[in-house]
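Asker: Residues per chain are reported as follows:
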Amino acid sequence: QSVLTQPPSVSAAPGQKVTISCSGSSSNIGSNYVSWYQQLPGTAPKLLVYDNSRRPSGIPDRFSGSKSGTSATLGITGLQTGDEADYYCGTWDSSLSAVIFGGGTKLTVL
Amino acid sequence: EVQLVESGGGLAQPGGSLRLSCAASGFTFSNYEMNWVRQAPGKGLEWVSYISSSGTSIYYADSVKGRFTVSRDKAKNSLYLQVNSLRAEDTAVYFCARLGVSGSYYFDSWGQGTLVTVSS
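Protein chains in written order, with this note's numbering: chain A, 1 to 110; chain B, 1 to 120.
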């Protein structure tokens, strides 16, 4: 059971938009920055968003992040079949003194 | 180009040991804080350990504290994880990951991982 809660799966059609939620508490998301990672099948995770909403260079603006209170959201617009992957949120938990991740969300592009 | 290449994984018996390595290139290794993150088969990500750029600050997840030891070698541009007293639940792909520089806890570069399997 992960400290951060994500939906196990989401799906949408190519070209559409999808959002993935990440719910936590005051000791983690509520007081620390959130990051998001994409893990394509059989590969290492890749940073998509950091500091709640900043994108590393090379990440297209189809990917966006936001945070409100103790929840964060990853948005993906203009879905492509190549976006099919597992997506994880992560943050620091001040009570646990540890980096924590959500359980992951599998995105299917129908 | 930033590259992180792990090695040292393999099959170990319960109670056994392994030494994982991560060779870094494409950046000034000594300037960055580094981490190990693992992923059990079919499961999510779990942070394992952190080491500061100087090596003087070290932290572990409760699940590995007292059994795993992280270290780094500036001259060899390498990160290590000594894993002892292995348990079946330590079976996972172990990734080395570089901590980002904005001041918050995120991992901006990852290696491809090395698989540790604990079984008799």
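I should point out that these hints are in silico values taken from the structure, not numbers from a laboratory. Quick reminder that beta carbons are idealized off the backbone N, C-alpha and C, glycines included. Do not rely on the hints blindly, as some may be mistaken.
Unchecked claim - Coverage of chain B stretches by chain A, computed from C-beta distances (three or more under 8 Å per stretch; other residues unrestricted):
hint : stretch
1    : 21-32
2    : 85-91
Stated by the list, open to error - Cut-off 30 Å, straight-line C-alpha distance, at most; resulting in silico cross-link-like pairs (DSSO-like, lysine-lysine):
hint : chain 1 : residue 1 : chain 2 : residue 2
3    : A       : Lys46     : A       : Lys17
4    : A       : Lys17     : A       : Lys67
5    : A       : Lys46     : B       : Lys74
6    : A       : Lys67     : A       : Lys46
7    : B       : Lys43     : A       : Lys46
8    : A       : Lys106    : B       : Lys43
9    : A       : Lys67     : A       : Lys106
10   : A       : Lys17     : B       : Lys65
11   : A       : Lys46     : B       : Lys76
12   : A       : Lys106    : A       : Lys17
13   : A       : Lys106    : A       : Lys46
14   : B       : Lys43     : B       : Lys65
15   : A       : Lys67     : B       : Lys43
16   : B       : Lys65     : B       : Lys76
17   : A       : Lys46     : B       : Lys65
Said to hold, decoys possible - Short, incomplete list of chain B residues facing chain A, as computed with Cβ under 10 Å:
hint : residue
18   : Tyr50
19   : Ser53
20   : Asp73
21   : Ser102
22   : Gly103
23   : Phe107
24   : Asp108
Asker: Now, for every hint given, state plainly whether the structure supports it.
Answerer: Quick rundown of the hints versus the structure:
For the stretch 21-32 of chain B, the stated coverage by chain A is violated: 0 residues have a C-beta nearer than 8 Å to a C-beta of that chain, whereas at least 3 were required. Check on the stretch 85-91 of chain B: 0 of its residues sit with their Cβ under 8 Å from a Cβ of chain A, so the three-residue criterion for coverage is violated. The hinted pair formed by lysine 46 of chain A and lysine 17 of chain A meets the criterion: a straight-line CA distance of about 20 Å does not exceed 30 Å. Between lysine 17 of chain A and lysine 67 of chain A the CA atoms are separated by roughly 18 Å; this keeps the pair inside 30 Å, and the hint holds.
A C-alpha spacing of about 25 Å is found between lysine 46 of chain A and lysine 74 of chain B, which places the hinted pair at or below 30 Å, so the restraint holds. Annotation: proposed proximity of lysine 67 of chain A to lysine 46 of chain A holds, straight-line Cα distance about 20 Å (limit 30 Å). With a C-alpha separation of about 17 Å, the suggested pairing of lysine 43 of chain B with lysine 46 of chain A holds against the 30 Å cut-off. Distance restraint check for lysine 106 of chain A and lysine 43 of chain B: the Cα-Cα separation of roughly 12 Å lies within the 30 Å cut-off, and the hinted pair is therefore satisfied.
A C-alpha spacing of about 20 Å is found between lysine 67 of chain A and lysine 106 of chain A, which places the hinted pair at or below 30 Å, so the restraint holds. A C-alpha spacing of about 42 Å is found between lysine 17 of chain A and lysine 65 of chain B, which places the hinted pair above 30 Å, so the restraint is violated. Distance hint between lysine 46 of chain A and lysine 76 of chain B is fulfilled; the C-alpha atoms sit about 25 Å from each other, no more than 30 Å. Our distance criterion of 30 Å between C-alpha atoms is met by lysine 106 of chain A and lysine 17 of chain A, whose separation comes to about 15 Å.
Between lysine 106 of chain A and lysine 46 of chain A the CA atoms are separated by roughly 15 Å; this keeps the pair inside 30 Å, and the hint holds. This hinted pair checks out: lysine 43 of chain B and lysine 65 of chain B have alpha carbons roughly 21 Å apart, not beyond 30 Å. This hinted pair checks out: lysine 67 of chain A and lysine 43 of chain B have alpha carbons roughly 25 Å apart, not beyond 30 Å. Restraint check: the Cα-Cα separation between lysine 65 of chain B and lysine 76 of chain B comes to about 26 Å, which is no more than 30 Å; the hinted pair holds.
Between the alpha carbons of lysine 46 of chain A and lysine 65 of chain B the distance comes to roughly 27 Å, so the proposed pair stays at or under 30 Å and holds. Because the smallest distance between the Cβ of tyrosine 50 of chain B and any Cβ of chain A comes to about 8 Å, under 10 Å, the interface hint for this residue holds. A hinted interface residue such as serine 53 of chain B counts as satisfied when its beta carbon comes closer than 10 Å to some beta carbon of chain A; here the least separation is about 17 Å, so the hint is violated. The interface hint given for aspartate 73 of chain B is violated, since its Cβ lies 22 Å from the closest Cβ of chain A, which is over the 10 Å cut-off.
This hint holds: serine 102 of chain B has a C-beta 6 Å from the nearest C-beta of chain A, less than the 10 Å allowed. Taken as an interface hint, glycine 103 of chain B checks out: its beta carbon lies about 8 Å from the nearest beta carbon of chain A, inside 10 Å. The interface hint given for phenylalanine 107 of chain B is met, as the beta carbon of that residue sits about 6 Å from the closest beta carbon of chain A, less than 10 Å. Because the smallest distance between the Cβ of aspartate 108 of chain B and any Cβ of chain A comes to about 5 Å, under 10 Å, the interface hint for this residue holds.
Hint violations for this structure: numbers 1, 2, 10, 19, 20, all remaining hints satisfied.
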